[in-house]
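Visitor: Now for the letters of each chain:
Protein chains: 2
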Amino acid sequence: MENKRPLILVSNDDGYRAKGINELVGFLKTIADVVVMAPTMPRSGSGCAITTSVPLKYTKDLQEPGVTRYNCSGTPTDCIKLALEELFTDRKPDLIVSGINHGDNSSVNAHYSGTMGAAIEGCLKGYPAIAFSLCDHNLNAEFMHMKPYIIAITKQVLEHGLPKGTCLNVNFPLVNEFKGVKVCRQTKGDWQQEFEMQTRKNGDNYFWMTGEYRNDEPESTDTDHWALDNGYVAITPTTIDLTAYQLKEDMQSWNFDIQQ
Amino acid sequence: MENKRPLILVSNDDGYRAKGINELVGFLKTIADVVVMAPTMPRSGSGCAITTSVPLKYTKDLQEPGVTRYNCSGTPTDCIKLALEELFTDRKPDLIVSGINHGDNSSVNAHYSGTMGAAIEGCLKGYPAIAFSLCDHNLNAEFMHMKPYIIAITKQVLEHGLPKGTCLNVNFPLVNEFKGVKVCRQTKGDWQQEFEMQTRKNGDNYFWMTGEYRNDEPESTDTDHWALDNGYVAITPTTIDLTAYQLKEDMQSWNFDIQQ
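Protein sequence lines correspond, in order, to chains A and B.
When you line the first sequence up against the numbering used here, it's residues 1 to 260, in that order.
When you line the second sequence up against the numbering used here, it's residues 1 to 260, in that order.
The set of hints was computed from the structure by calculation and includes no laboratory data.
Keep in mind that this is a model prediction, so the values were computed, not measured.
Virtual Cβ for every residue (Gly too), placed ideally from N, Cα, C.
Take these hints with a grain of salt, some might be off.
Calculated cross-link-like contacts (lysine-lysine; reagent style DSS-like; alpha-carbon spacing at most 27 Å) [to be verified]:
hint, chain 1, residue 1, chain 2, residue 2
1, B, LYS4, B, LYS182
2, B, LYS188, A, LYS125
3, A, LYS164, B, LYS188
4, B, LYS125, B, LYS92
5, A, LYS248, B, LYS201
6, B, LYS4, A, LYS188
7, A, LYS248, B, LYS60
8, B, LYS155, B, LYS182
FRET-style restraints, in silico, Cβ to Cβ [claimed, not checked]:
hint, chain 1, residue 1, chain 2, residue 2, range
9, A, THR221, B, GLY126, 21 to 31 Å
10, B, LYS60, A, GLN63, 47 to 57 Å
11, B, GLY231, A, ASP229, 46 to 56 Å
12, A, GLY66, B, GLU249, 30 to 40 Å
Which residues of chain B face chain A? A few of them, derived with a C-beta cut under 7 Å, are [claimed, not checked]:
hint, residue
13, GLY45
14, SER46
15, ILE50
16, THR52
17, PHE88
18, VAL183
19, GLY189
20, ASP190
21, THR199
22, GLY203
23, TYR206
24, ASP241
25, LEU242
26, LYS248
27, TRP254
28, PHE256
Could you put the whole structure together from the sequences, leaning on the hints where they help?
Guide: Printed below as a string of structure tokens:
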């Protein structure tokens, strides 16, 4: 009863009802069997957050040939953890795919992204993992033109594998036709003017998150932001090892003189 | 009216009432002026999560000479973002310090930690940043013996600075006397058996997060986990650049053959 089709676990951070994840499942089911475990509610900006103060639950949803769907009360990271522990008793997934996110996860956004949180968790658990995002927050964004790229990138990862402790952060620019694929590094940049203050009638101030992205190296042509700005699909290979190795060497000469 | 004392912004993820942050403020105020912006409620496991679906608010709390305290409805990352935008109009902080966390943030825990989330956000905003954690979840954990180490490490960072895009993840073992300080790398490891299932009378299953940490390289002596296991204070220099550079090179030969 060996199944020759790959098995892919899919999650996202926009919730299981989002158009992006349902389009992604439609693309992937042409080349693989798919199990979905996605957040019940939208969980954008979850990063690698986990839920420790309340218990999680999950529910089985629609099933069709080759696709089984669940949704989970937790974050994207919780979804991956719970799916890997509960749903794959016989056969482990060959790949974990997250997205398609409604919005850009390039540059520093990788830190805040729940879409990347799911991919990083897959990676932490030893699985190859890919996060796909489109630079369009629209709930009805058009994803169909991404299909051949998503199929090609997924097939390459299934064929080559990924080194342990790495995953791919793949972002698509908001253009009608992609110029091709660039393998990039994470752009140095940051968000500016991140809050919009509103005052209630009672005088209380409230702060809504907003902001403008600033690219700190607009001249560099090897960054994910440059690729997106120039119409390319940006693949940023991503590591879960956060060690700053050069600083580790430099700090060997620091003097930690402890005065008890 | 120049103020010669450094100015330090302090946050955490256990909430502004936690013993750990209040002990930390007590230590730091001996060498610096301190502004606290910490979560109103405990937000353990927040990672780099941000709040986008509801607005934030913050409240001024206790004030004493050299220490001003605020608490914020958001995550640790939100706290740092909002503090930097709202509280430092005249003079920017010299350093951002997060903690003292009640619990271990070494190895892969750095990804899930809200304590590290605050330090990473400081780092993303261009400030030197340190996260301090003690391997003791007890609400009444004893922190006093950490004081000379926290003072020494903080002074060294104020003196040397940190390269842009890097911060320090500092973890203290649960021992009465520390053997010294080790500058380490992030241990490769993972959490196992992460859920405890409970069944309600109505048949619903609920899943509480739990788990056992597994060190995948127990023989390595340059890791943060080894340092902690052997009684040393573990300093893990940490980068916000997630790029997997070796994989970026290796992937240049991949074939992204797009079949339209």
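Visitor: Could you run down the list of hints and mark each one as holding or not?
Guide: Evaluated hints:
Distance restraint check for LYS4 (chain B) and LYS182 (chain B): the Cα-Cα separation of roughly 31 Å exceeds the 27 Å cut-off, and the hinted pair is therefore not satisfied. Restraint check: the Cα-Cα separation between LYS188 (chain B) and LYS125 (chain A) comes to about 11 Å, which is no more than 27 Å; the hinted pair holds. For the hint pairing LYS164 (chain A) with LYS188 (chain B), the CA-to-CA distance comes to about 10 Å; that is within 27 Å, so the pair holds. A threshold of 27 Å between alpha carbons decides the hint, and for LYS125 (chain B) with LYS92 (chain B) the separation of about 11 Å falls inside it, so the pair holds.
Note on LYS248 (chain A) and LYS201 (chain B): the hinted pairing is violated, with a Cα-Cα distance of about 53 Å set against a maximum of 27 Å. With a C-alpha separation of about 32 Å, the suggested pairing of LYS4 (chain B) with LYS188 (chain A) is violated against the 27 Å cut-off. A threshold of 27 Å between alpha carbons decides the hint, and for LYS248 (chain A) with LYS60 (chain B) the separation of about 38 Å lies outside it, so the pair is violated. Between LYS155 (chain B) and LYS182 (chain B) the alpha-carbon distance is near 17 Å, which keeps this suggested pair within the 27 Å criterion.
A beta carbon spacing of about 23 Å between THR221 (chain A) and GLY126 (chain B) agrees with the range 21 to 31 Å that was offered as a hint. For the hinted restraint 47 to 57 Å between LYS60 (chain B) and GLN63 (chain A), the CB-CB distance of approximately 53 Å keeps it satisfied. Between GLY231 (chain B) and ASP229 (chain A), the C-beta spacing of about 50 Å keeps the proposed range 46 to 56 Å intact. A beta carbon spacing of about 36 Å between GLY66 (chain A) and GLU249 (chain B) agrees with the range 30 to 40 Å that was offered as a hint.
Given hint, GLY45 (chain B) at the interface with chain A, holds; its Cβ is 4 Å from that chain's nearest Cβ, closer than 7 Å. Annotation: SER46 (chain B) was flagged as interfacial toward chain A, and the flag holds, the nearest CB pair being 5 Å apart, inside 7 Å. Among the interface hints, the one on ILE50 (chain B) holds; its C-beta lies about 4 Å from the nearest C-beta in chain A, closer than the 7 Å criterion. About 5 Å separates the beta-carbon of THR52 (chain B) from the nearest beta-carbon of chain A, less than 7 Å, and the hint is met.
The beta carbon of PHE88 (chain B) comes no nearer than 14 Å to any beta carbon in chain A, farther than 7 Å, and the hint placing it at the interface is violated. Look at VAL183 (chain B): its Cβ gets to within about 5 Å of chain A, closer than 7 Å, so that hint holds up. At its closest, the beta carbon of GLY189 (chain B) sits 9 Å from a beta carbon of chain A; the interface hint therefore is violated under the 7 Å criterion. At about 6 Å, the closest approach between the beta carbon of ASP190 (chain B) and any beta carbon in chain A falls short of 7 Å, and the interface hint on this residue holds.
Interface restraint check: THR199 (chain B) against chain A, minimum CB-CB distance 11 Å, threshold 7 Å, status violated. For GLY203 (chain B), the interface hint is violated, the least distance from its beta-carbon to any beta-carbon of chain A being 12 Å, above 7 Å. A cut of 7 Å between beta carbons decides the hint on TYR206 (chain B): the least distance to chain A is about 4 Å, and the hint holds. Taking 7 Å as the C-beta cut-off, the interface hint given for ASP241 (chain B) holds, the closest approach to chain A being about 6 Å.
With its C-beta approaching chain A no nearer than about 5 Å, LEU242 (chain B) sits inside the 7 Å limit, and its interface hint holds. Annotation: LYS248 (chain B) was flagged as interfacial toward chain A, and the flag holds, the nearest CB pair being 5 Å apart, inside 7 Å. For TRP254 (chain B), the shortest C-beta to C-beta distance to chain A is roughly 5 Å, which falls under 7 Å, so the interface hint holds. For PHE256 (chain B), the suggested interface contact is upheld, since its CB lies about 4 Å from the closest CB of chain A, less than 7 Å.
When held up to the earlier numbered hints, the structure conflicts with 1, 5, 6, 7, 17, 19, 21 and 22 and fits the remainder.
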